[in-house]
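Protein chains in written order, with the numbering used here: chain H, 44 to 206; chain X, 4 to 287.
It should be emphasised that the hints constitute simulated quantities derived from the structure, not laboratory data. Take the hints with a grain of salt, since some may be wrong.
To be verified - Listing some non-contacts, in silico: residues in chain X with all C-beta distances to chain H over 10 Å:
| # | residue |
| --- | --- |
| 1 | Lys45 |
| 2 | Asp106 |
| 3 | Gln228 |
Claimed, not checked - List of simulated lysine-lysine pairs, DSS-like, C-alpha gap at most 30 Å:
| # | chain 1 | residue 1 | chain 2 | residue 2 |
| --- | --- | --- | --- | --- |
| 4 | H | Lys189 | X | Lys188 |
| 5 | H | Lys50 | H | Lys75 |
| 6 | X | Lys45 | H | Lys189 |
| 7 | H | Lys46 | X | Lys45 |
| 8 | H | Lys202 | H | Lys189 |
| 9 | X | Lys190 | H | Lys100 |
| 10 | H | Lys137 | X | Lys190 |
Glycine residues also receive a C-beta, built at the ideal position from the N, C-alpha and C atoms.
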Amino acid sequence: MDKMHFKVTVNGKQEELLVEPRELLIHVLREKLGVTGPHIGCETSHCGACTVDMDGKSVKSCTVFAAQANGADVTTIEGLGTPDGLHVLQQMFKEHHGLQCGFCTPGMITRAYRLLQENPDPSEEDVRFGMSGNLCRCTGYQNIVKAVLASAAELNAVKEAAQ
Amino acid sequence: MIPGNFHYHRPESVDDAVAILAKYGDEARAVAGGHSLIPMMKLRMADLAHVVDLQAIGDLKGITVDSSTVTIGAMVTQHELIASEPLAQAAPIIREASLQIADPQVRYVGTIGGNVANGDPGNDMPALMQCLDATFVLTGPNGTRDVAAREFYEAAYFTAREDDELLVAIRFPATQGGYAYEKQKRKIGDYATAAAAVLIEKDGSSCSAASVAMTNLSDVPVYCQGAIDALIGSTLDASALDAAVAAMQEAIDPQADNRGPVEFKRHVAGIMLRRAIERAASRA
Ligand SMILES: Cc1cc2nc3c(=O)[nH]c(=O)nc-3n(C[C@H](O)[C@H](O)[C@H](O)COP(=O)(O)OP(=O)(O)OC[C@H]3O[C@@H](n4cnc5c(N)ncnc54)[C@H](O)[C@@H]3O)c2cc1C
Chain H
44 MDKMHFKVTV
54 NGKQEELLVE
64 PRELLIHVLR
74 EKLGVTGPHI
84 GCETSHCGAC
94 TVDMDGKSVK
104 SCTVFAAQAN
114 GADVTTIEGL
124 GTPDGLHVLQ
134 QMFKEHHGLQ
144 CGFCTPGMIT
154 RAYRLLQENP
164 DPSEEDVRFG
174 MSGNLCRCTG
184 YQNIVKAVLA
194 SAAELNAVKE
204 AAQ
Chain X
4 MIPGNFHYHR
14 PESVDDAVAI
24 LAKYGDEARA
34 VAGGHSLIPM
44 MKLRMADLAH
54 VVDLQAIGDL
64 KGITVDSSTV
74 TIGAMVTQHE
84 LIASEPLAQA
94 APIIREASLQ
104 IADPQVRYVG
114 TIGGNVANGD
124 PGNDMPALMQ
134 CLDATFVLTG
144 PNGTRDVAAR
154 EFYEAAYFTA
164 REDDELLVAI
174 RFPATQGGYA
184 YEKQKRKIGD
194 YATAAAAVLI
204 EKDGSSCSAA
214 SVAMTNLSDV
224 PVYCQGAIDA
234 LIGSTLDASA
244 LDAAVAAMQE
254 AIDPQADNRG
264 PVEFKRHVAG
274 IMLRRAIERA
284 ASRA
């Protein structure tokens, strides 16, 4: 079947390549673009390890056809911070031991990023509900929730200081 | 898990989408959010030669609340249903139910149209739409027709929609009185073991109007006239609730699966309906 021209912006960089429409966004990212932050976990749309931010929404990239993502603006964990300049969420996951084995972390942080964009001042319940599409196989949820709450506090403090 | 290959279409109008569906017959299928269809294609339980992506069709988007009628475009996502203030004013049961569907990532992309057109007994919107007495607006090669949600479901994955018809919108009257959507699930993000959608209006202490429908307790959603009859005219006392639950038990036909044996599902269904009636009554 015909390949299609596929354009996507990943972490601010424009990419153009040929894909089969059926290819899943997670495979294009990892295998064709070398963006391996988003992980392949369950492959059944449940675990959220493959979560990326697509056009301002958190999506499970194992359940998006490349064809559907044509023209999209995608942010992955790689787009949020660098090893030298960690994103606040990355810093807080480190400080609050929100990582454990680390497999779910890119999806967790990418999801938490959108959650805090939409709700900068979440309660613990908001965080638990907002992160419910991401599973941690170490069941390290307690510290993940702490890290997200600490990130919200940190980001709000920075915002206040700027005003 | 890689889906089979297909030709991909991204029409920009309802007419173009319908023309593609009509041309390829059962070889073609619409994709809305894809969160029911793509998992099926990954498992190779659905094998399609043509996929018609609806995302570029502006006419399928938007929520309007007009005097007392609500109209929701088929491509409105569950996330948008939750966020819409006018909708929360006109029919708060939609937000309550939508918040219990799947998880945030799925709700950003899953659409109301895909949820009701899918015909999966596990989907939450079909029973809710029956409870609301919604009308589904279908457009095909020969024009547009209305089908009542209560007439739409024939068997699991079989509906009154023809292969070449598109669900374009859903319409229902704004609700009055109290409402509740009660859902039991194994874990957050799961489909219902049993769920109940209830609307109740009161005149003084007496129930003047009611609507009841149940999710995932038969191969189609169960709109429950017997339960409604038991409630209307009562003071919603214990005996009326018992009668409503008994009538509902007559109407459902749960099957044993990984969510539990039939007895357990019947038990849970009774609890969900009782809670939903009590909560709806307390809000009426
Ligand atoms: C992990 C997970 C958990 C979930 N949990 C729940 C849950 O608890 N409750 C629940 O209700 N759902 C649940 N879902 C399903 C989810 O809400 C789906 O997104 C939704 O049911 C289907 O909507 P969609 O837009 O993704 O449709 P699609 O997957 O795109 O389409 C589904 C079907 O409907 C057809 N279709 C779609 N739109 C139209 C249209 N406009 N006209 C004609 N035919 C159309 C398609 O051809 C296809 O056959 C879950 C999904 C996942 C992945």
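Hint check, failures only:
1, 2 and 6
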